[in-house]
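Trainee: Read off the chains here:
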Amino acid sequence: MAFDNIWEKEEQQALTKRLQREYPAWQRRRRMGRRAVAAVAVVLVAGISIFNFQFSIPRGYDSVACNRSTFPASHWAEEAGRILTIQTI
Amino acid sequence: MKRFIYIALSLMALATACTKEAPTDGDRLYHRYASREDLTVAQVRGFHLADTVKVDVVLLVADDSAAWQGLKEELDIRTTEGVTSWLGDIDEPARRVKRSEVPLWRVMAVHDDRTVALYRVESAAQFDALRDYQLDRIECNK
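One line per chain: the protein sequences are A and B, in this order.
If you read the first sequence in the working numbering, its first letter stands for residue 2, the second for the next number, and so on.
If you read the second sequence in the working numbering, its first letter stands for residue -8, the second for the next number, and so on.
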């Protein structure tokens, strides 16, 4: 019985020592993991916000394609409107 | 795990293939002229005429007078100045059609700019919005 008690005590002490040694590292890893998750969340939210903001700007058109890169897309949308305003004869 | 990844990738490829949009009339017209070296071709998708009304627009700009002459012959434009306007067939814009033959192109050829603008119209709302847009802007410019 006494032998069992000693053995348990030694095991308890070993476990305590191991915890004292490993717990800070484990805690650090956990903290870093949390920070990483938070950073990813922030980047995601920012990305989605920028994406939504860009597509919520009233541009007057959905998209533009051109076989040459002479003018920006907005130029062709302006042209589409301008030509409509030219009076027909 | 590998099998799961393969299945997921296959499903993603299948979903992408299924959601691929069919080419519109504007796409077809754009690609018909896009390879021409004497033309600048632009396509404006969903040009906003009013709050809820949009049209697809294809613009053909001739780079020089020879290209403009060629484009005029292709589209059977016989005038030499000002603006010429007609309703053109959706597959062959040079062919003049009636308003009832929707969808169609509302074509405007501007001689001074050597430009042809084609507005795809298929509903009464788009016809009305095109007319109102034109009238509003002309009134504003007076």
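Everything labelled a hint here was simulated from the structure, so no lab data went into it.
There may be inaccurate statements among the hints.
[As the list claims (entries may be wrong)] Distance windows between CB atoms, simulated:
id, chain 1, residue 1, chain 2, residue 2, range
1, B, R90, A, A39, 57 to 65 Å
2, A, S70, B, R86, 48 to 56 Å
3, A, R83, B, R(-6), 21 to 29 Å
4, B, H102, A, S75, 34 to 42 Å
5, B, D42, A, R30, 31 to 39 Å
6, A, M33, B, T10, 34 to 42 Å
7, A, K10, B, L2, 33 to 41 Å
8, A, A39, B, S114, 45 to 53 Å
9, B, P14, A, Q28, 37 to 45 Å
10, B, R23, A, F54, 18 to 26 Å
[Said to hold, decoys possible] The list that follows gives simulated cross-link-like pairs (lysine to any residue, SDA-like), each with its CA atoms no further than 20 Å apart:
id, chain 1, residue 1, chain 2, residue 2
11, B, K63, A, H76
12, B, K89, B, S114
13, B, K45, A, S75
14, B, K63, B, E28
15, B, K45, A, E80
16, B, K45, A, H76
17, B, K63, A, S75
18, B, K45, B, D103
Idealized CB from N, CA, C, for every residue including glycine.
Trainee: Starting from the hint list further up, note which numbers the structure goes against and sort them upward.
Mentor: 2, 3, 4, 5, 7, 9, 10, 11, 17, 18
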